[in-house]
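*Asks:* Now for the letters of each chain:
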Amino acid sequence: DAGITQSPRHKVTETGTPVTLRCHQTENHRYMYWYRQDPGHGLRLIHYSYGVKDTDKGEVSDGYSVSRSKTEDFLLTLESATSSQTSVYFCAISESGENSPLHFGNGTRLTVT
Amino acid sequence: AQKVTQAQTEISVVEKEDVTLDCVYETRDTTYYLFWYKQPPSGELVFLIRRNSFDEQNEISGRYSWNFQKSTSSFNFTITASQVVDSAVYFCALSEREDSSYKLIFGSGTRLLVRP
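So the sequence lines, in the order shown, correspond to chains H and G. With our numbering applied, the first sequence corresponds to residues -13 to 99, in that order. With our numbering applied, the second sequence corresponds to residues 19 to 134, in that order.
For reference, chain H alone in the conformation it holds in the complex (with noise of 0.2 Å):
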């Protein structure tokens, strides 16, 4: 298994509350991804991170912020939690981009209440 870890692995929240998903990765590898599952929505990126400090916006950035500070970690913030924020939340990696397949977390499962 690819060295990634998310925590926590779930977290109950409640409305209005700021919360944030740590992604810890051990394979040094330059690109890391967070992504949002939902029923009937498959997979969708949230922002993604192509080096230290260079992050990026996917499909649904809104309500979300994010910072590498370092290789190894990317944390996923949500100001300011709402219902609708209410997911599984994957984070990737990959070695090199285009052409690397992604290697994912065990994922957190995150409810807004």
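Keep in mind the hints are simulated off the structure, nothing from the lab. Be aware that one or more of the hints could be misleading.
What the hints assert, rightly or not - A partial selection of chain G residues facing chain H, derived with a Cβ cut-off under 7 Å:
1. Tyr51
2. Pro58
3. Glu62
4. Phe65
5. Arg68
6. Ser119
7. Lys121
8. Phe124
9. Gly125
10. Ser126
11. Gly127
12. Leu131
13. Val132
To be verified - Distance condition first, Cα-Cα at most 30 Å in a straight line; then the derived DSS-like pairs of lysine-lysine:
14. Lys56/G with Lys(-3)/H
15. Lys88/G with Lys56/G
16. Lys39/H with Lys21/G
17. Lys(-3)/H with Lys56/H
18. Lys56/H with Lys39/H
19. Lys56/G with Lys21/G
20. Lys39/H with Lys(-3)/H
21. Lys34/G with Lys56/G
22. Lys56/H with Lys43/H
23. Lys21/G with Lys88/G
24. Lys43/H with Lys56/G
25. Lys43/H with Lys(-3)/H
26. Lys43/H with Lys21/G
27. Lys88/G with Lys43/H
As the list claims (entries may be wrong) - Now the in silico label distances, taken between C-beta atoms and shown as ranges:
28. Gly61/G with Glu13/H: 15 to 25 Å
29. Asp73/G with Thr12/H: 27 to 37 Å
30. Asp48/H with Glu28/G: 24 to 34 Å
31. Thr6/H with Val31/G: 41 to 51 Å
Every residue gets a Cβ at the ideal spot worked out from N, C-alpha and C, and that includes glycine.
For chain H, the structure is supplied; the task is to place chain G on it using the hints.
*Replies:* Just chain G now, with coordinates in the frame of chain H:
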């Protein structure tokens, strides 16, 4: 925008039947990569195959085979003699280039149920 369509939301078959999962994509890139992933009931996402746009040869791996047809922008996945353990959600994905970076765009997935 690039797009991946998996029109089959759910497929149910009886064990030992063959089943084909469809994937149709749209891209303006001349060079691109296509992928298939499996998500079993346990929830993890497992990489199955990668195919680049210059290689239209079909690929076979055991009971799995993939048919890439550039002319119809399709990358279909066939499971021969399906087994209960094949029950999962299967995702097709397309690489998209954004300036000097890359990201993967996924289809909405096909849920396969193989009944004993």
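*Asks:* Give a verdict on every hint.
*Replies:* Consistency of the hints with the structure:
1. Tyr51: holds, 5 Å
2. Pro58: This interface hint is violated because 12 Å lies over the 7 Å limit.
3. Glu62: Result: holds, 6 Å to nearest chain H Cβ.
4. Phe65: Since the shortest Cβ distance to chain H is 4 Å, the answer is holds.
5. Arg68: The hint holds - Arg68/G has a Cβ within 7 Å of chain H, the shortest such distance being about 5 Å.
6. Ser119: This hint holds: Ser119/G lies near chain H, its Cβ roughly 4 Å from the closest one there, short of 7 Å.
7. Lys121: holds, 5 Å
8. Phe124: Given a least distance of 4 Å, the restraint on Phe124/G holds.
9. Gly125: holds, 6 Å
10. Ser126: holds, 4 Å
11. Gly127: holds, 5 Å
12. Leu131: For Leu131/G, the interface hint is violated, since the closest Cβ of chain H sits about 15 Å away, which is over 7 Å.
13. Val132: This hint is violated: Val132/G lies away from chain H, its Cβ roughly 20 Å from the closest one there, beyond 7 Å.
14. Lys56/G with Lys(-3)/H: Answer holds: Lys56/G to Lys(-3)/H is near 25 Å, not above 30 Å.
15. Lys88/G with Lys56/G: Holds - the C-alpha atoms of Lys56/G and Lys88/G are around 23 Å apart, at most 30 Å.
16. Lys39/H with Lys21/G: holds, 28 Å
17. Lys(-3)/H with Lys56/H: OK: Lys(-3)/H and Lys56/H at ~24 Å, within 30 Å.
18. Lys56/H with Lys39/H: Distance ~8 Å between Lys56/H and Lys39/H Cα, so the pair holds.
19. Lys56/G with Lys21/G: holds, 19 Å
20. Lys39/H with Lys(-3)/H: holds, 27 Å
21. Lys34/G with Lys56/G: holds, 19 Å
22. Lys56/H with Lys43/H: Roughly 19 Å separates the two Cα atoms, so the pair holds.
23. Lys21/G with Lys88/G: Measuring from Cα to Cα gives roughly 15 Å; hence the hint holds.
24. Lys43/H with Lys56/G: holds, 25 Å
25. Lys43/H with Lys(-3)/H: holds, 24 Å
26. Lys43/H with Lys21/G: holds, 17 Å
27. Lys88/G with Lys43/H: Measuring from Cα to Cα gives roughly 29 Å; hence the hint holds.
28. Gly61/G with Glu13/H: 15 to 25 Å: holds, 21 Å
29. Asp73/G with Thr12/H: 27 to 37 Å: Given a distance of about 31 Å, which is inside 27 to 37 Å, the answer is holds.
30. Asp48/H with Glu28/G: 24 to 34 Å: Between Asp48/H and Glu28/G, where Cβ atoms are some 30 Å apart, the hint holds.
31. Thr6/H with Val31/G: 41 to 51 Å: holds, 42 Å
Violated hints, listed in ascending order, are 2, 12, 13; each of the other numbered hints is respected by the structure.
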